[in-house]
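Could you slot chain R onto chain B? The hints should help.
Protein chains: 2
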Amino acid sequence: MSARYTLGLDYGTNSVRALLVNTANGREVATAVWGYEHGQDGVILGRDPNLARQHPADYVKGAEVTIKKALAEARRTVRGFQPDQVVGIGVDTTGSTPLPVDAQGRPLAFQKRFAKHPAAMAWLWKDHTGVAEAAEITEKARQMRPHYLAKCGGTYSSEWFFSKILHCRRTAPEVFDAAYTWVECADWVPAMLTGTEAPDKLTVGVCAAGHKAMYSDDWGGYPDAEFLGALDPKLGELRARLRPKAWAVDKSVGGLTPEWAARTGLPAGIPVAVGAFDAHLGGVGSGIAPGTLVKIIGTSTCDMMVVPVGQPLADIPGLCGIVNGSILPGYWGLEAGQSAVGDIFNWFVNYLQPGGKKLGSHEELTKGAARLKPGESGLLALDWNNGNRTILVDQRLTGLLLGQTLYTTPAEIYRALIEATAFGALTIINRFEEYGVKVEQIVNCGGIAEKNPLVMQIYADVTGRPMKVSRSAQTCALGAAIAGAVVAGAHPDFPSAQKAMTGLKPRVFQPNPEAHAVYRQLYGLYRKLHDAFGTADWTGNLYDVMKTLIEIRNRVRQ
Amino acid sequence: MSARYTLGLDYGTNSVRALLVNTANGREVATAVWGYEHGQDGVILGRDPNLARQHPADYVKGAEVTIKKALAEARRTVRGFQPDQVVGIGVDTTGSTPLPVDAQGRPLAFQKRFAKHPAAMAWLWKDHTGVAEAAEITEKARQMRPHYLAKCGGTYSSEWFFSKILHCRRTAPEVFDAAYTWVECADWVPAMLTGTEAPDKLTVGVCAAGHKAMYSDDWGGYPDAEFLGALDPKLGELRARLRPKAWAVDKSVGGLTPEWAARTGLPAGIPVAVGAFDAHLGGVGSGIAPGTLVKIIGTSTCDMMVVPVGQPLADIPGLCGIVNGSILPGYWGLEAGQSAVGDIFNWFVNYLQPGGKKLGSHEELTKGAARLKPGESGLLALDWNNGNRTILVDQRLTGLLLGQTLYTTPAEIYRALIEATAFGALTIINRFEEYGVKVEQIVNCGGIAEKNPLVMQIYADVTGRPMKVSRSAQTCALGAAIAGAVVAGAHPDFPSAQKAMTGLKPRVFQPNPEAHAVYRQLYGLYRKLHDAFGTADWTGNLYDVMKTLIEIRNRVRQ
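Residue numbers (our numbering), protein chains in the order written: chain B, 1 to 558; chain R, 559 to 1116.
Pulled out of the complex, with its shape left as it was, chain B reads as follows (with noise of 0.2 Å):
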């Protein structure tokens, strides 16, 4: 029998990217990227910082570049190879990216009168314009259902689906009354090539759902429509035009339309699995079973678990979700991460520019941070740029350094960054346990997984355990192949679909006693200014400072 392959479809924030697999094996035959062409790479921007959007028209262009480029490079390096041996698609996007449509299921942002107005684009996961109202979304749910928020940290996000239409409502009222509902990127794109736009044909996925929408089948899915008219009394009309129920990664959406088989070469009528979240299919990609935390590290992280569903499981404040399927089908998928990571390393160097672009260099600044031990500095920092995800969920907080001398250099401010963040995935890691989630082995993929090993010693020196790193560089996209080769019955299930399709890296990075050691003091002490700027009920009332602070900022800049 001649192999079989997968094709993953990655959207990322600046690109896309197209990975064809063998499902055999998980060996990755071919990959394409296409930048996306709105906006400043892919990034459409505005006057308020906390803006973020991405035009459609360039997840439709992204399929058929990417899928067109993959096969072609398939058929010049892998001998015999032919595109009807491409069994099944699996895709994966950013969230919670929502986007409005049409009655048909069409995007807003492909009408003409709509074609500019940035309300009517795709929200991108990282836009915070909705501060206010996720904190409206939040007091609301204390008060009307709590439940609501005990599975996603007991605080509703500003990057999340609620937050981002009902800013769209307050504030570009045009765009929300135009628009026959939401739909969010990992679903539309499958729906797209599928030919399931149709918001009756739609299919969505729990993981979005679940972890952005505080879907839950214990509460027959969406939040009901009394609440949501309790926020907007058009908000609460909405609900009748969402999805009834939402689905794993293991349900088919469709089959992949003529049109999209004509556009990209791929063979019409394969099956597209339902979408999910870049990250939770990256946790697919490295392996995740119980007892495994994938962290995926980037511009930020996401730390994902799995717990068989029918086990024990609290409600372990501070994550940002927990929800059965959205990972793996038949597990609690266990979401928790930092808001920023490689985007603080990133602004150190490109804002910051230390030294100048030669001496400022990640390069540069990596190999003079190598060169210190562990408290040489005497600096400290918080990993708060962007706020913090887990555990604290809180936006409004920023990022502080300390112990600053006379003579502090960029390489020692670099390493306390990375050191900050190597503290922040402690702290993540301390609260699955604290909560009877048991990690027993870390596997980490994502750029600055693979491409620093400095920050993988130190961020196995800081927790004392062993850093593995993901055999494949594109876990994400790996993650949705094996959700396409699923759906195609290459395998019959996840686990042993993962089995066959991944794997480690050979080089393991084993914590330094010593450093750890130092590191544990070290830590002692990043806990305290943890707790003090983040924690209201710390004794030491340090709590208002930095949200002062942007108080002051925002009536400043008015």
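Hint data in this document are derived by calculation from the structure and do not stem from the laboratory. Keep in mind that the hints are not guaranteed to be accurate.
Once the Cα atoms are required to be at most 20 Å apart in a straight line, the calculated PhoX-like pairs of lysine-lysine come out as [as the list claims (entries may be wrong)]:
(1) B:61 - B:140
(2) R:627 - R:698
(3) R:1086 - B:528
(4) B:251 - B:367
(5) R:1057 - R:1086
(6) R:916 - B:358
(7) R:759 - R:803
(8) B:61 - B:116
(9) R:925 - R:792
(10) R:931 - B:547
(11) R:809 - R:759
(12) R:792 - B:373
(13) B:528 - R:1105
(14) R:1086 - B:547
(15) R:1063 - R:1009
(16) R:674 - R:619
(17) B:451 - B:505
(18) B:140 - B:201
Frame of chain B; chain R shown alone:
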């Protein structure tokens, strides 16, 4: 009668300056600067970042070179100028900068065997190698002689006379044993010019002795032999070789020697005033008087006030010193200060080099900072990169920057650092007034006051008080020249000499009420951080954070 001139010699950290001044009107007719030859810009450094020394050979050569150049310039620019119109000399230096000398008063550094021994050099003011000894002296004084500490802020500093001598005793006993006694640079230079270096002829100034060596006429001069002997028996023996009496700057230590007259071209025999610290004579040169706070703003600041002897005056906690006659004879000299101001800006520019050499200059950063409104950046900093001199009197404190996002720019940080130093300045003003010393006007001088109007405006806006700037750009040398004029009899006393010879620049920086309102709120947050990290009695228990980091750093670096 032809004009009379007086010469001020100003020994700084990196160079020495000679200033020739008309005694009638303060006109500065000639100036000359010479950079020290030893070490890095005049400072001998070591592997220990706390070490900072100077070679006394630079003091000798510096006097000769600059006096000759200043006289030559006066001959060129002043019609009919003759060197015999110079009637007196005053000297100011850094301090506490003690140097070990032999039984003839000759610096040990001039002996061949000690020519390269760092402990035989002058221990520059910013040498902090004696941190442990300072703590020991503070502790012992608290037990045995608490009144010794009452006039110097309650804590004896590592920058001061006995900390340095005791550290030499502990770490370089061969130097300690070879030294007959130790002399402040401020006393040694006038002695050198007048041939009175011999320890039994030496005249010491009350400025150095009172502010840095716990000297007071109230308890018979320097600390007693029993106390010093309890610290170390050999320190107790040294007590007998220190001078019994210290003097204010209205006393002449002697006449210029024929040898020095020949070397420089000055008339032999003209009186040389008792030496004092640069800052204190800078206060004189800025027109210090009761109610006037003089701020000398350079790498660090010195903040000075005077109160007539006889008026009630509390032991103001946290001040560096309260010494009878240390600034003006007949007045208490009150000294406060910030351990780093310009040094913090220099650190940011020279060590971090944000934006590279072109965009990261003081000029460019100041331009960018000037475009920002108070509070706009959301940043807040502590000005403790070099510890905190007033009001916490604690070297074991470090810098802090808070409020960073992923978009924070170098200019925003630069402004936050300026603001932090302004908050530190306000804390000192408040401390004076809390203890009944009313601040009626503020006169600034020094490099930053001269060169950076943005800093002056921010200081006005933060404090809510007008910022005036001294007319002279060389207030320390001018103050020394005024002392020379007084000992030469050109004026009967300091107030009349100051009236004739000092003044203010026409531009006064007035506080902007709107900016002040924002800064009042920001200062509240600054004080929270100040108290949380800087005071032990604060409930929040962050007091140990910076100190523990320093402990870890020191342990790790060993």
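Hint check against the structure, violated hint numbers in rising order
1, 2, 4, 5, 9, 12, 18
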